[in-house]
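A.B. asks: We have chain A already, so just place chains B and C on it with the hints.
Chains as they are written, first to last, in my numbering: chain A, 2 to 369; chain B, 2 to 369; chain C, 2 to 369.
Among the clues, some could well be false.
For chains that are exact copies, the list does not tell them apart, and a pair is met inside one copy or across any two.
[Unchecked claim] Within a straight-line C-alpha distance of at most 27 Å, the following computed BS3-like cross-link-like pairs (lysine-lysine) qualify:
id	residue 1	residue 2
1	Lys116	Lys312
2	Lys116	Lys350
3	Lys11	Lys312
4	Lys350	Lys11
5	Lys12	Lys116
6	Lys156	Lys11
7	Lys350	Lys12
8	Lys312	Lys12
No lab work stands behind these hints, which were simulated from the structure alone.
For reference, the chains in residue letters:
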Amino acid sequence: MSRTPRILRKKTGHFLEDFVPGQLFRHKLGKTVTEGLFATFTEFAMTTNPLAKNARYARVYGFEGLLCPPGLVMLVAFSQTVEDVSENARANLEYVDMRFGAPVYVGDSIEVETKVLGVRTSASRPNLGIVHVQSTARKNIGEPGEAIVLTWQRKVQVYKDDDAAEAHAGEIPPDEIACSLWLPPYDVSRDYERLAHLSNADTYFEDFEPGTRIEHSRGRTMTSEHIALTAMLDNTSQVHCNQFMIDQDPAQYVGGQLIIFGGIPFVLCLGLSCPDVGDNALGDLVYTTGRHAAPLFAGDTVFAATEILGKRDLPGRPDVGVVETRLFGHKFARAEGESHADAPKDWRKVQIFELDRALVVKRRSHYA
Amino acid sequence: MSRTPRILRKKTGHFLEDFVPGQLFRHKLGKTVTEGLFATFTEFAMTTNPLAKNARYARVYGFEGLLCPPGLVMLVAFSQTVEDVSENARANLEYVDMRFGAPVYVGDSIEVETKVLGVRTSASRPNLGIVHVQSTARKNIGEPGEAIVLTWQRKVQVYKDDDAAEAHAGEIPPDEIACSLWLPPYDVSRDYERLAHLSNADTYFEDFEPGTRIEHSRGRTMTSEHIALTAMLDNTSQVHCNQFMIDQDPAQYVGGQLIIFGGIPFVLCLGLSCPDVGDNALGDLVYTTGRHAAPLFAGDTVFAATEILGKRDLPGRPDVGVVETRLFGHKFARAEGESHADAPKDWRKVQIFELDRALVVKRRSHYA
Amino acid sequence: MSRTPRILRKKTGHFLEDFVPGQLFRHKLGKTVTEGLFATFTEFAMTTNPLAKNARYARVYGFEGLLCPPGLVMLVAFSQTVEDVSENARANLEYVDMRFGAPVYVGDSIEVETKVLGVRTSASRPNLGIVHVQSTARKNIGEPGEAIVLTWQRKVQVYKDDDAAEAHAGEIPPDEIACSLWLPPYDVSRDYERLAHLSNADTYFEDFEPGTRIEHSRGRTMTSEHIALTAMLDNTSQVHCNQFMIDQDPAQYVGGQLIIFGGIPFVLCLGLSCPDVGDNALGDLVYTTGRHAAPLFAGDTVFAATEILGKRDLPGRPDVGVVETRLFGHKFARAEGESHADAPKDWRKVQIFELDRALVVKRRSHYA
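Next comes chain A alone, as it looks inside the complex (with noise of 0.2 Å):
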């Protein structure tokens, strides 16, 4: 073009003053879990649940194919939120009321929708506010097979654009969500005891006894593949995948680095859970309450750690309990100014990660 031409840059996200109570967000694209995307995630997280991994074992169970492991749902519903909510978030502060509904299946579609809570201006720091929004996913609108696969509430502390900007402060009750974990019916001409063998032995809801704390055995070290899984999540957040960025102004971010999108840790601890507490369980029933303690980083390894604390029966389902958790996830840190060459006795142990977690999970008296 012989003109200079007129600059456009998008501003994206939303900011603190963006945000009224009882406002909706329809995300954008939705997204379709294709084999690909199945594949990568649950392979990811260590997912040692049978449903995830062998269809054949899926059917038998009443389900129509592989499973999505509730890792995997929600980091499909979860990040379309990410360019409304929490772009210019500084922190995501807490998940609130996580529940799950109905099973999602290759193929299916997910659309996810979000509305605002609360706005609460930060008295300290005049720059930035919570919001607290209330979301819920859907698969297959429109589509045979419709329903609502998850909900959650999460509270997000949000920076103004303009920091002279008035917040609309306020607080809303939240929408009442109908959204419980579909289960397959039990059913005793199904030959469950023949597939007892492809999960472990020993985490049936007879074994759990609260009071426990089950530290699980394996790590996996993080790479800088989590630049790719955040992009394959469509999770826009720059912090995650703009080396550049950072390294224009390194003290500006955390750890001077790229940080790993905390959706990533949050499947990775279920899946390092999964052998020692979750390849019997029928499904996820709700994370009450979680939140990341501290930040994780390309070379970081991580470590999960379950405490039971209490069992319940599922009205009307015999053949199943509940089963209360609490899962953490941590990592370990070197003292500030240590490298790797140094001699390796000063390691201390960082939680990065908790999250309160009931488990829906089959009797050996029906399984096995």
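C.D. replies: Just chains B and C, lined up with the frame of chain A:
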């Protein structure tokens, strides 16, 4: 074996003296688009057009399912020509008249053939010359739905195997290839408006103003993932994946390190521009010309910008229009000898890619 | 929880004293081949056989669709045995009599069982011994198309949990497993010749000469991607993915770094050899013996070579013949203490892998 074996080392690819104007290469392998390939590249490129993300959206628009974005079609087709045409190339000089045809879906099998249009020796550099080729990609040959999906020309600087060899200089005109973008019919009975929230509200035909340059807001840092991505495309060139070859003689190779296959920044720039330019496009019509201006390496962060060059009607289709653009890719590089630990003040912008690109874009009047 | 929880840390895998000749392990999970898994490993390995790349080619040949290449079948089956057999192994000593059976397609669910054939203690090293096992992989158990897809033996050096424990020494003969390579019938009405350009013209049965060693021309550099690839295979061994464990006591681990799972170079060598040896094969018949000779690490570049050992007819199938080969993998290593910045003169070739491999190869007389 008891005896010393006879050693065989096969030559791969062709050299300048092997090309003859009029010659036809029917490339090897072919490639079926699996959901794994689809997910990997669609997500890598950060495409935001719902036609490539959300199957129920694509079906309402009249596509059979998730639509392969133009960058993926280009990668799958182009890569098949590398071994025969450019495995022994010094540089890919220009993409010319790349036109899209039938839509490509998961499950389609793509095969490509290439005709040599011209061969020219270099006056100043007798060990190489320029080969001009025309390639055409078809899907599902001999099966229902056989169709042309892409045709293009390119000019490549290719080495001689024997510097003294005579090249078959000459030039013939390109074939007429019946390849024009398939568009789903506009159908007033379809409820496009109910899907309008799934794409950006400000990227309809009416929104583009010639004379505007849009600096796309997001960047993406490349990692060594490019090695696996390139293998996934069957690109056989060793400069992308054989570090030992580079280490043997670093001075011989651009930058002394593995260079990222040009197809990678090509699709990444398409993707980075998508939220501002492409998410209400029904397809890419033609890339009239394009070229790589500088190499890309692991660690570089890629950015993109688009200049709106012009707009025009598409005869017979009042529901859409053609937007003519120039897509730019760039990265930032530091002065020679500086390390990442240095003060971040001396970055300079380096253009890496340029593509003249016409898109068929929906009109708000008809779709939203 | 108010009280200090009881800490539970489960032991994973088995130790030398746990193995008893005649004992049967029915391995956990099973694994369905998704298009994600298929694409990741087929492409990673740089396979060039069109049966695994181009579905319409595979269908003309009489397969149901894209054919899982032998390396992928091996990886999916072998990995399922790791937790029970070799999670506590020091080394995988030998692959023996690995025979392929029914073809594996996307959608097939693979499950594996392993019989212990022998247990032997080490005279010199009382803390370990050798376990000899026979494994068999079936697909779609209890569903239409149930079939054996792979059977093999291997010998593994396994640690004791308690050095004072007595091992159950002994040896029993292997079971007869009815597993032989399924081949699509040769059908003169199929138009094989029209597809001949999709594979290399010089890799038919007639082209192989015993006494030849083919140095395959391409190399492939491994990156930290191996961590994700190994997780994708459900391989549970921590030496591949837990950097913190290595950093705690580097001297304890080979090379003081994460070691790449042996299945990775196994399939990569198959792939690197494919354009010269395997792209006109209808399948791999048997791997009579194989072993890993040296470890592979991120940053190493893998190369391969094939010696043609012999050729023979396949009874009843005049359209094909059996080519007996020995496949070698190697890398180049530098002298201790040298960095990549040093002069590149002191590389030495290190053999990493060896496999005696018989392929069923098409005859040009029948197919081209």
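A.B. asks: The structure should be examined with respect to each hint, and the outcome stated for every one.
C.D. replies: Checked hints:
1. Lys116 x Lys312: neither (33 Å within a copy, 38 Å between copies)
2. Lys116 x Lys350: Result: close neither inside a copy nor across copies, 37 Å intra and 41 Å inter.
3. Lys11 x Lys312: Close across copies (21 Å), not inside one copy (51 Å); limit 27 Å.
4. Lys350 x Lys11: Classified as between: cross-chain Cα gap 20 Å, same-chain 42 Å, threshold 27 Å.
5. Lys12 x Lys116: So Lys12 and Lys116 pass the 27 Å test inside one copy only (21 Å; across, 46 Å).
6. Lys156 x Lys11: within (26 Å within a copy, 36 Å between copies)
7. Lys350 x Lys12: The answer is between: 22 Å across copies meets 27 Å, while 39 Å in one copy does not.
8. Lys312 x Lys12: between (48 Å within a copy, 24 Å between copies)
In this structure, the hints that do not hold are numbers 1 and 2, in rising order.
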